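Can you join these two chains into the complex? Each is in its own frame, and there are hints to help.
Which chain is which? The protein sequence lines are A and B, in order.
Take the first sequence: its letter number 29 is residue 29 in the working numbering, and every next letter is one higher.
Take the second sequence: its letter number 19 is residue 19 in the working numbering, and every next letter is one higher.
Do not take every clue at face value.
[What the hints assert, rightly or not] Listed below are the simulated DSSO-like cross-link pairs for lysine-lysine, each with C-alpha atoms no more than 30 angstroms apart in a straight line:
1) Lys102/A x Lys162/B
2) Lys221/A x Lys200/A
3) Lys58/B x Lys104/A
4) Lys58/B x Lys162/B
[Stated by the list, open to error] Sample of chain A residues with no beta-carbon within 10 angstroms of chain B, all distances over it, derived:
5) Thr53
6) Asp54
7) Ala123
Just so you know, the hints here were simulated from the structure itself, not pulled from any lab data.
Predicted, not measured: the structure shown is a model, and the values here were computed from it.
Just so you know, even glycine gets a beta-carbon here, dropped at the ideal spot from N, CA and C.
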Amino acid sequence: MAGPPTVTHDHDASLRRAATMGPMTLPTPLPGRLQLRVSTSSGTVTVVADERTDVIVEEGGDVGRSVGGVVEVRPVRSSSSVTVRCPTGTDLVAGTVSGGVKLKGRLGSVSVTSSSGSIRVGAVTEADLRTGSGSVRVAECDQACRVSTTSGTVTVAGTGRADISTVSGSIVVERVNGEISARTVSGEVSLVTEAHGPVKARSVSGGIAVRVPPGVRPAVKVSGRGRLVSDCDAGDDVTIEVTTTSGTVEISAS
Amino acid sequence: MPAPSTSTDVVTGAIVFTDLVGFTEFTALSGDDAALELLAVQSRLVDEVLPADARVVKELGDGLLLYFRDPAEAVQAGLDLQRAFEAESESTGLPLWIRVGMHAGTVRERGRDLVGHDVNVAARIVDVAGAGEVLVSDAVRRDAQPRVPTVAFVELGPVVMKGIPDPIRLWRASCP
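Just chain B, with the same shape it has in the complex (with noise of 0.2 angstroms):
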């Protein structure tokens, strides 16, 4: 087994959790070879949408961890997300329904993972999040907000969250 990784750089950027909705009643009902089709269509999807300078981090179960340098380029890429899943479930007939939840601020880098509060914080923003949503922090949505005018961020209030000490204000990104 490799020793574990002692890095602890510092980046900065947005955190993006998704998480395919109802996939472990979907597995139940459907079986495990439609589940693996399911994370297929979702990596496919993924690829084509996340930008150059973002990463997917980890894959957890069927949620992902992915890292944007840009707030502003998380947004337009967990819109883009839900748009890419929506046409595929349309066409196939699959339930492709992910809620994205992002946050933004300083994180620490643990080998090719990702921790710190800012980490927990997007965990639990995804948590909050319906299918067919993409959630976001004030954090993102003051960095964002400016760079992309077509979106429409409409204010959920603060939000108690389990293990976090102070309400979090949220936002709902859409494009109108």
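The shape of chain A in the complex, shown without the other chains (with noise of 0.2 angstroms):
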């Protein structure tokens, strides 16, 4: 297994780069697990994780803090678009206003926030992202997706557990292998389970959607007043608990 990551902080290197915006790496041995710290203000966070030992900021950003294992990045200026390079697996907290946010590679715990940017999500183990009116797209989480948006979209590939809420915005996750819960106020839902947890679906006017195996007989709850359409048979593989004022409820086979 390789060794900690390491983190270099030149200090004459760090003016020159804020003079030139050229790439900073930082060779501080690090004790243990990494976590990365990267905010900004309008600007976009890019974080790729790829097979190194070290993190670079590439783009934007300087070195605020570094103490034990967790390494801070902040922006130049508010408005910086900043973009490091870390580890695969590396632990993130990453924060923006109305800035984006784009995380490429595989990496570990990742915690995003922001008023109005997106976020987009390669693979990851697990995710909490939140986000007012900017979309949010997850490739890949093994464990854990949590993602709370105010209109946003949230489109998740493929997750072990999901949490998601949005007012306004659709929920869409096309694959999750344990249990999920989804809640909008006037978006639409649309939910494939693996069928291996329980499914919880709310929504106001918002259609709901629930997929599932081919022969997998859930048991469906519906409450409020919303209209069930179902083509599966009843029985208990799996529960599919919905909660709608108005919207259609359609359960099927995938």
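This is how it looks when you write it as structure tokens:
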């Protein structure tokens, strides 16, 4: 197994980089697991995880603090876009006000907050993603994927568990292995479960569609005034609990 | 019109904002009477949960500004509110989904209102919370955690918030 990631901090290089905005590598050995904290305001945060042992600030950021296994990268200006490269599996906390956040490669536990920026996530172990009006797209999350938006749409290609809430955004989860909770006021909800955990979906007016594997016989409970359409035989293979004030509920085999 | 109060007493404690998620959309879909019914249910649930030395500072449309002398009581009440709203939502089918955000500090009392930077921070925190969540600042967590041992705090990390100069460290409080 590779040793702990290294971070280099060369003060002179940092000063030169501030003038030229060239890349900065940090070589101080870090004990144990690395957590990267990156923030900016209106610029974009891009974090690329790849097979490396160091952390490189490629664009727009400066290392504000490096204590224990925590490396903090702050923007040179509030409008700066910040690009950082880090080892695969790094944990990340990223925040912006209006800037977007793009995560590439495979990261560890990820927490992203933005007031209005969109969030794009490649592969992570677990995720907590929050934005107001921005959209959220997750390619792969191994464990729990928690997403909250106000009006942004949420798309998760694959996750272990999901807890997703929006107000007017739609929710699409294309594959979930375990438990899922989805809640929206007026957006549409589309969930594909592998039926290994209960499904709970709530909406006020948005329609809710849940797909289960062929042959699975779900126990469906519908509350509210929603109309249920199902082409699955009833059973107790998986629990699907749906509450909607006026939306249509559709249960089908995928 | 009464003259505005000039009282500016300094008080310390927890400032809590709540927000009824999707209230605007619900009102548009279901009408004013249904919206009033929702607010009446909210008032009843808050009255039932609030401890004696906490108070509703003011109503903000579908949200509330609450004050607690003790941050630990604020955390407990926030979680109790979530439980009460969830149970009511389950039994009535009403979308009683609230989010709660809180911060602790020193604020000025202006009549019955509260003003100050820490109030503004608390208002920003609730914006970050999702439906069904209780988010607290590090100031609340440090004060409350030893006295609410059954509550789990999961760190979200330092969060950048509009108008607040430095990122604020936030935690999600929950009862496992």
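Going through the hints against the structure:
no. : hint                : verdict
1   : Lys102/A x Lys162/B : 20 angstroms, holds
2   : Lys221/A x Lys200/A : 10 angstroms, holds
3   : Lys58/B x Lys104/A  : 45 angstroms, violated
4   : Lys58/B x Lys162/B  : 23 angstroms, holds
5   : Thr53               : 23 angstroms, holds
6   : Asp54               : 22 angstroms, holds
7   : Ala123              : 20 angstroms, holds
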